[in-house]
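Sequences and hints are given; from them, build the entire structure.
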Amino acid sequence: MTRLLRSGLIVLPLLLAPQARSQPSPPQAISASVVTVPGSATSDGFLSTLKTDPTVVFTEPETSKPTYLVPVSPPPFGVPIMRIANNPGLPTTPVSGTWGSDARHVYSKQQPWNADETLISIENRDGGSPSPLILDGTTYRPKAGPCGNYNLYDYRWHPSRAHAHEQINVNSSGSELMWFDVVSCTKTRSWSLPVAADYGIGSGEGNPSNDGRFVLLNGTTKIFVVDMDPQPPFNPYPNKRIGPPLDISNCGLSSCTIDWASASASGRYGVVSYQGDNERVFDVDPVTLALSPHAMPSGSYRCAGTAAAGFTYSLGHADLALNPYDNHEDVLVGQDECHLNGQTINGTLISHVMMVRLRDAKITALTDPNNEAYAHHISTRSLDRPGWAYVDYFQEDGKRFSDEVIAVKLDGSRAVQRFACKHSVFTSPPLASECYRCESHAAPSMDGRRILFASNWAEHCGASCGSISDIKDYAIDARASLP
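Under my numbering, the sequence shown has 454 at position 447, and the numbering climbs by one with no breaks.
Bear in mind the hints are in silico, worked out from the structure with no lab data behind them. It cannot be assumed that every hint is accurate.
[Stated by the list, open to error] Simulated crosslink set (EDC-like; lysine to aspartate or glutamate; CA at most 16 Å straight-line):
1) Lys406 / Glu379
2) Lys416 / Asp375
3) Lys194 / Asp205
4) Lys416 / Glu183
5) Lys406 / Asp51
6) Lys369 / Asp391
7) Lys369 / Glu441
8) Lys369 / Asp333
9) Lys247 / Glu183
10) Lys406 / Asp60
11) Lys416 / Asp51
12) Lys416 / Glu336
13) Lys72 / Glu379
14) Lys406 / Asp375
15) Lys416 / Asp454
16) Lys229 / Asp205
17) Lys416 / Asp391
18) Lys416 / Asp290
19) Lys229 / Asp133
20) Lys229 / Asp188
Below, the structure is given as structure tokens:
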């Protein structure tokens, strides 16, 4: 499925200054605390009452739109959900500003929480300001507005707790990569780039390696690697280690336009997705950082490209991870874009959620295709909870996982955790045109026990539906014990 361009990444002159001095009165009397959920915990701190049977088809109930910062636990899952963005036009108390009609996180592959989960970054658009807006990671109240000296454009929280207040950012011209501390408003590291980055970090969908050391950037036809935190035997930063750009425009496909690019979770590989969701793997030389196509076994399956050129099974809206159930191999998890759902390929029954091992293009089905709704976006941003991918599904009433947010285990057992329904309308019909920002883009916290999803809450909503154009973030909280 072709990715729609995200219009949200626009040039903004400001980001993340300390909390504004203006303190307008709150719009309503509310409590920001989350209700304590009764019930015992699982070994990894989740509610023991989570639904985990992947075979059950649930009927999505008519559920009224939640009130701002008031937790609800709607059936059939009973997991607490809280709307964390207020109604348009109301003040962003205690930060000086106004809530817009589009207040949500950026994307499923961009972690909303910082490394220690004390801060959340969302956009506050369509009449809202400031944007981006940082929320308290516990209470979800607005906490900070923009730093005036931050030339942000396409940014990610640094994944390391040692740099929990820093973001990795590429400026709007694509000429500079930087680390920026959004609490002290200080640029901490900077690199001039040899090729102008096209649309930020991997065309808006890339991520650094899980340790925050390596990042793969792309121009319109070239890719290159930056070692942002050199380790021995290399001299440390400010020693600049940038690999030679590699032209990948002669890829052998009908279209060699880069859709997105990213470093793998380990940093050992680079991954490029060309238009049509056709992924290609590159080796990264650990000494020179030079990139070269990673040849795949001739017997591995793909629906585009060649094994020798490094192409894999095509996956849509895919994210990268390390698989702890397979010796921490680098993998890519996404929706089936070869469109072979229900067929058997190389002994694997293809489902809507597939995993590809980057070393040899081996495919694994993570769900059962029988009566499975169509998977939409996939996120593996729960870096402190390896071994799980988070998936949101299209609404297809009568099918398993219809309109749900779930987590699926990477061990091939088809084990799942089922959290909530999304209640968002984004397709045409019924809308006059597709609404990209109404897509939910479920994104887990670092420990995976909380999940943000966007919704206009305009379907299966009973007598209290939201406006189709009023898009807000909601937090699912599956923690057994709360701070």
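### Task
For the pair supplied as a hint, Lys406 and Asp60, confirm whether the alpha-carbon distance does not exceed 16 Å.
Measuring from Cα to Cα gives roughly 14 Å; hence the hint holds.
* Asked: Taking only the CA atoms, is the gap from Lys229 to Asp188 under or equal to 16 Å?
  -> violated (29 Å)
| message | Would the hint linking Lys369 and Asp391 be met if the CA-CA limit is 16 Å? | response | violated (25 Å)
If you draw a straight line from the CA of Lys369 to the CA of Glu441, is it 16 Å or shorter?
Violated - the C-alpha atoms of Glu441 and Lys369 are around 34 Å apart, more than 16 Å.
Starting from Lys416, check that the Cα of Asp290 is at most 16 Å away, please. violated (27 Å)
For the pair supplied as a hint, Lys369 and Asp333, is the alpha-carbon distance within the 16 Å limit? With a Cα-Cα distance of about 12 Å, the restraint between Lys369 and Asp333 holds, given a limit of 16 Å.
Agreement of Lys72 and Glu379 with the hint, judged by alpha carbon distance not exceeding 16 Å: violated (26 Å)
Worksheet item: Taking 16 Å as the top limit, are the C-alpha atoms of Lys406 and Asp51 close enough?
Response: violated (29 Å)
Query raised in the report: Does Asp205 lie within 16 Å of Lys229 when you go C-alpha to C-alpha?
Result: holds (10 Å)
Review point. Is the Cα-Cα distance between Lys416 and Asp454 16 Å or less?
Key: holds (14 Å)
- Query: Regarding the pair Lys416 and Asp391, is the alpha-carbon distance no greater than 16 Å?
  - Reply: Holds: Lys416 and Asp391 sit about 14 Å apart, inside 16 Å.
Just to be careful, I want the Cα atoms of Lys416 and Glu336 compared with a cutoff of 16 Å; is the pair within it?
This hinted pair holds, its Cα atoms lying about 15 Å apart.
Checked against the numbered hints given earlier, the structure breaks hints 3, 4, 5, 6, 7, 13, 18, 19, 20 and satisfies all the rest.
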